[in-house]
Each structure stands twice: as structure tokens, then as C-alpha cells.
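In order, the protein sequences belong to chains S and Z. Under the numbering used here, the residues of the first sequence are numbered 1 to 312, in order. Under the numbering used here, the residues of the second sequence are numbered 1 to 312, in order.
Some hints here could point you the wrong way.
Pairs count within a copy or across copies, as identical chains cannot be separated in the list.
What the hints assert, rightly or not - Heads up, simulated DSS-like pairs for lysine-lysine below, C-alpha to C-alpha not over 27 angstroms straight-line:
hint	residue 1	residue 2
1	LYS269	LYS146
2	LYS146	LYS164
3	LYS205	LYS301
4	LYS269	LYS164
5	LYS46	LYS146
6	LYS278	LYS164
By construction, these hints were calculated from the structure, which means they are not laboratory data.
Protein chains: 2
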Amino acid sequence: MKLTLKEVANKLNSAEKILVTAHVSPDGDALGSTLAMCLALRQFGKTAQIFIDDKLPPYLNFLPHLDEIKRPQEGEKFDADLILLLDTVIDRTGNIRSLTDAPILNVDHHVTNTGTENDLYLEPNAAATCEIVFDLLKEMGATFTKEIATCIYTGIATDTGFFKYQSTTPKTLRTAAELLECDVEPNYISEQVERRTLNDFIGIKHALQTTEMFFGGKVAGIVVDEQLSKIVDTTEGIIDLIRVIEDVEIAFVLTYKEENATKLSLRSKNVNVAEIAKKLGGGGHIRAAGCTFHTNLDEAKETLLKTLGEYF
Amino acid sequence: MKLTLKEVANKLNSAEKILVTAHVSPDGDALGSTLAMCLALRQFGKTAQIFIDDKLPPYLNFLPHLDEIKRPQEGEKFDADLILLLDTVIDRTGNIRSLTDAPILNVDHHVTNTGTENDLYLEPNAAATCEIVFDLLKEMGATFTKEIATCIYTGIATDTGFFKYQSTTPKTLRTAAELLECDVEPNYISEQVERRTLNDFIGIKHALQTTEMFFGGKVAGIVVDEQLSKIVDTTEGIIDLIRVIEDVEIAFVLTYKEENATKLSLRSKNVNVAEIAKKLGGGGHIRAAGCTFHTNLDEAKETLLKTLGEYF
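Assemble the whole structure, with the sequences as input and the hints as a guide.
Given below as C-alpha cells:
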């Protein structure tokens with residue numbers, strides 16, 4: 001951690017036009033933290049705009065002001081005097097850097113953050129970037145509207161698997177308690193996040209049929225090929241169905257993205273999958289990590305199994 | 001609420017031999033609350049013994065001291081001067097009353113508690129009986145060992161669907177935070193509760209293939225026939241996979257039990273399925289109910305769809 005929370009607040013206070021961004025393949029913590037920060041910055045009279053260089057996942061459609069999030073267009077510029085980079089490093093934001101040369105203020109909770117930015121607030125003990133955002137907004141004296149609280153709660157709840165992961169601390173739960181006092185409806189958020197389209201369900205049903213067990217049942221994997229990838233919208237939810245199988249240490253989903261791009265999601269009960277993902281050119285958390293193989297599905301699977309073979 | 005928490009504590013302090021019990025078909029809150037109370041009462045030098053008149057569900061096998069829970073035997077007596085009745089009314093405890101004539105002290109959070117017991121502490125705003133047990137043990141000055149905290153946390157987590165249900169309050173989350181400070185491992189508990197055998201998983205995978213949609217997608221149903229019923233251990237977990245489908249109002253699972261016995265489980269997002277189950281000779285909660293048809297699977301399905309047809 002290079003900056004203190006107070007210094008982060010000061011840097012935001014000094015800026016007027018702030019571009020807020022997070023990683024591609026945005027999840028609840030990426031969208032929750034960017035939306036909460038954007039809404040709060042506007043409370044202080046700032047110009048704040050979120051850019052995310054990717055499609056937004058439908059299961060987060062319920063988040064307030066989601067339709068204001070922009071995706072950078074070819075050659076587009078954005079007049080900013082600060083980039084607030086949340087929940088990731090700049091390398092994982094797609095083409096955000098081409099929008100502006102403004103300096104970067106980086107706030108993250110990923111232990112794998114490479115520390116490239118000088119202005120970095122990194123708190124790996126936070127269960128979610130949204131947990132840091134909560135403290136930051138308190139420091140800044142922001143008003144916790146129901147909208148802001150809903151965004152922060154969603155980020156914390158989704159990044160902890162609804163308070164199931166080891167990353168959940170007493171502070172995480174006390175933060176969530178305070179957010180409920182801002183009128184957050186936990187049942188509404190969980191229903192929205194867990195809602196699935198019929199198409200998604202059909203995709204999951206088909207994807208489950210591809211389940212294979214490896215290394216004597218210690219690894220369970222699902223392969224979403226090109227055809228299946230057209231109906232499977234997100235691997236969230238699928239991977240947990242195989243992770244909970246008795247004796248399974250690591251669960252993976254390999255998903256076709258393009259001819260030579262295969263996405264890997266890894267989840268574990270105890271094994272450090274961040275380490276495995278790092279070996280494969282990716283990153284993440286101890287029990288939830290991933291990477292993108294620049295090969296086809298079959299080659300990606302072969303590489304993955306070879307790497308996993310070193311562990312089992 | 002007829003007693004105060006202090007009066008409940010006083011009644012427990014005055015007793016020496018305490019029979020602790022909860023409802024048949026015991027869940028995480030029933031077992032968590034009885035175990036936590038039993039362990040704490042022993043801290044105070046009391047003789048405490050749990051009796052539950054039913055089988056214990058395998059997914060709760062990890063709870064400490066579970067093997068000390070007894071099931072009343074034909075004609076068995078237990079020398080007690082108090083029955084601590086948790087999470088239910090005496091009518092739902094099976095044959096517990098036959099063990100002893102001792103007076104009953106009833107602690108519960110179910111709004112449906114009929115208030116039959118004079119010594120009743122009822123707090124319908126508590127998300128779980130374990131949430132009350134936490135306050136009660138504080139009042140009594142018990143030591144929150146990791147074992148006791150794990151039992152209480154399990155009750156709260158399972159009764160709130162891991163903090164997803166509307167019943168989750170700021171107090172629920174703050175209680176959970178304090179329990180984490182007693183060395184509770186949230187990931188261990190969620191892993192244990194959600195653990196599935198490979199056979200279970202294969203059963204779920206096959207059962208999902210039978211999913212049918214009815215009434216323009218408002219009802220989703222799964223049929224577990226005789227063959228499938230041999231590998232599907234529980235419909236828990238299956239039914240939620242179809243309940244979360246967009247536009248689905250009611251999810252059902254019909255399961256072969258015997259030649260002329262078919263079990264129905266109903267779950268809904270908003271519809272009162274307790275009412276539907278009642279019409280079919282069963283009962284339950286507003287969003288989770290069921291019944292048993294004394295017919296074969298096909299006839300049961302026909303009857304069910306006819307009844308659901310009145311709603312859609």
C-alpha cells in the first residue's frame with residue numbers, strides 16, 4: 001500500500017473530471033465499485049464517467065445507473081484529469097488508456113496487483129474493492145444513498161460468494177450490516193444476481209453434461225465449446241455446481257471465446273489457484289482465479305491438465 | 001414474547017438436568033441451537049442432553065458433538081427438571097414429551113409459534129433461533145468457544161440462505177461478525193453444508209435433463225422417476241436451480257417414493273405455495289411447501305398441473 005485512504009480522498013477531491021474504470025469481464029465488484037464511486041463523486045460536484053471496455057453481464061442489469069456506463073469507441077477521447085482505476089491493473093482494462101493521458105489513481109484489493117501505479121491503495125485483506133470503497137466514501141463524507149449502498153453491497157456479496165469465502169472477515173460483515181441500514185434489500189440483490197434466463201439455464205444444463213473428472217476425482221472440469229458458448233452467458237454459477245462435489249479440490253470451466261482465445265476459470269476449496277493461474281499468464285485470488293489461453297479449446301485443455309498434473 | 005431474555009437465563013440457571021430438543025426433520029438452526037445450548041449449559045456444570053426424534057441430515061455431519069444427540073427409544077425415560085424446547089413447538093418434536101414430565105422452556109423465532117408454552121421467549125425478528133441463542137449465551141456469560149460459535153453461525157447461515165433472505169438484518173450480520181471473531185471459518189461451514197457426493201451430482205445432472213416448462217414459462221418442473229430416485233438423494237439444490245429461471249413463478253420436483261407414493265416439493269418466488277400444497281393435502285411455508293400424492297408419478301403430475309392451472 002503506497003497511499004493512505006486519506007491521500008486517495010485528497011487526490012479525488014483535487015480532481016474535477018474523473019474517468020472511473022475497472023477490468024474487462026466486469027463482475028459485481030468491478031461494476032459495484034465503479035458505480036458507487038461515480039455516484040458519490042457526482043455528489044461532490046465532480047464530472048465522473050464510467051468506461052468499461054467490455055459487454056456488461058446481464059445478471060447485473062439491476063444495478064442503478066448501469067446504462068450510463070460507456071464502452072470506449074475507436075479513436076474516442078475523454079477529457080479527464082484523473083483516471084480512477086478500480087479492482088484491477090491498467091493492463092486488464094482493454095482500451096481505456098487510449099481515451100486520455102490523465103494520471104491513474106489505483107484502488108484494489110487483489111493481492112496479485114503488480115503495483116505498476118505509483119498512486120496505489122492496495123488492501124489485500126479487504127474482501128472486495130467495494131469494502132475499500134465503503135471506507136473511502138466514509139473518509140470523503142459521502143452520503144450513503146440506497147443506490148450507492150446497493151452497489152457496494154452487491155460488490156461485497158458477489159466477491160465473497162454471499163459471505164461464504166474465507167475472505168469474509170468480521171469487518172466485511174459489519175460493513176454489510178451498515179449497508180443494510182441504508183435500506184439495502186439483501187433478498188432483492190440475491191434474487192437479481194442469481195436470476196437466470198431460460199437460455200442460460202439450458203446452457204448450464206448442456207454444459208453440465210460435459211463434466212469430466214480428472215486426477216482421481218480431485219479435479220472437475222466443464223468445457224464450453226463454440227456452439228455452447230452461444231447460449232452460455234456466464235460461467236458463474238456453473239463452476240460452483242462442480243466445485244462442491246466431495247473430494248474435488250479444483251473446479252475449472254474452459255470457455256471458447258474466439259478461434260485462438262480460450263477463457264479459463266478456476267475455483268478451489270483449498271489449493272492456491274491464483275498461483276496456477278499466474279503460471280498460465282493470468283491471476284486472481286487464492287480460491288478463484290483465471291486466465292486466457294491464446295490457443296484453441298483442445299490445446300488450452302491440454303496445457304491446463306499438464307499444469308494441474310504438477311499438483312496432483 | 002412472554003419472558004425476557006434475563007428470565008430465560010434465570011430459568012436455565014435454576015435447572016440442573018436439562019433436556020434440550022428441537023423439531024423433527026432437523027435443519028441447521030435446530031441442530032445448531034440445541035448443540036450450542038447443550039455445550040454452554042455444560043460449561044455451567046449442568047447435565048444437558050439433546051434428544052431429537054428423527055434422523056439427522058448428512059450435510060450437517062460436521063457439527064461438533066453431533067454424535068451425542070440421542071433419538072428417544074420406545075418406553076425410554078430421561079430424568080430432567082427442564083425441557084429446553086428450541087426453534088419449534090412441542091407438537092413438532094415427535095415423542096420427546098414421553099421422555100419426561102419436566103416443564104418446558106420454549107425459545108423460538110417462528111412467527112407461526114402457537115404460543116402454547118407459558119414459558120416462551122419468541123422473537124420473530126430474529127433471523128434464526130441461533131441468533132437468539134447468541135444473545136442468551138451473552139446474557140448467561142457463557143464462553144464462546146469455537147465449537148459453540150460454529151454451531152450458532154451454522155444455524156444463522158443456513159436459516160438465512162447464507163444471508164440472502166429478507167430475514168437478514170443488520171443485527172444478523174453483526175452477530176455473524178462477532179462469531180467470526182470466535183474463530184468460526186465461514187468457508188469451512190459453507191463448504192460442509194453445500195458438499196455433495198459425486199453420486200448426488202450425477203443425479204442432479206440427470207434430473208435437470210427432465211426439466212419441463214409449463215404455463216408459458218411460469219412453472220418449471222423436474223420429475224425424478226424410480227430409476228433416477230435411486231441416485232438422487234435429496235431434491236434440495238435441484239429445485240433452486242430451476243426456481244431462479246427468469247419468469248418462473250413456481251418450481252416443482254416430483255419424486256418417486258413407492259409404487260403409489262409420489263413426493264412433491266414446491267418453491268416459489270412470490271406465489272403462496274403453502275396454499276397450493278394445502279389443497280393437495282400437504283403444507284409448509286409461503287415460498288417452500290410440499291405434499292405426498294398417494295398415486296403414481298404420472299397421475300401425480302396430472303393432478304398437480306390441474307391444480308396449478310387454477311393459478312395461471
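Hints the structure violates: just list their numbers, smallest first. none
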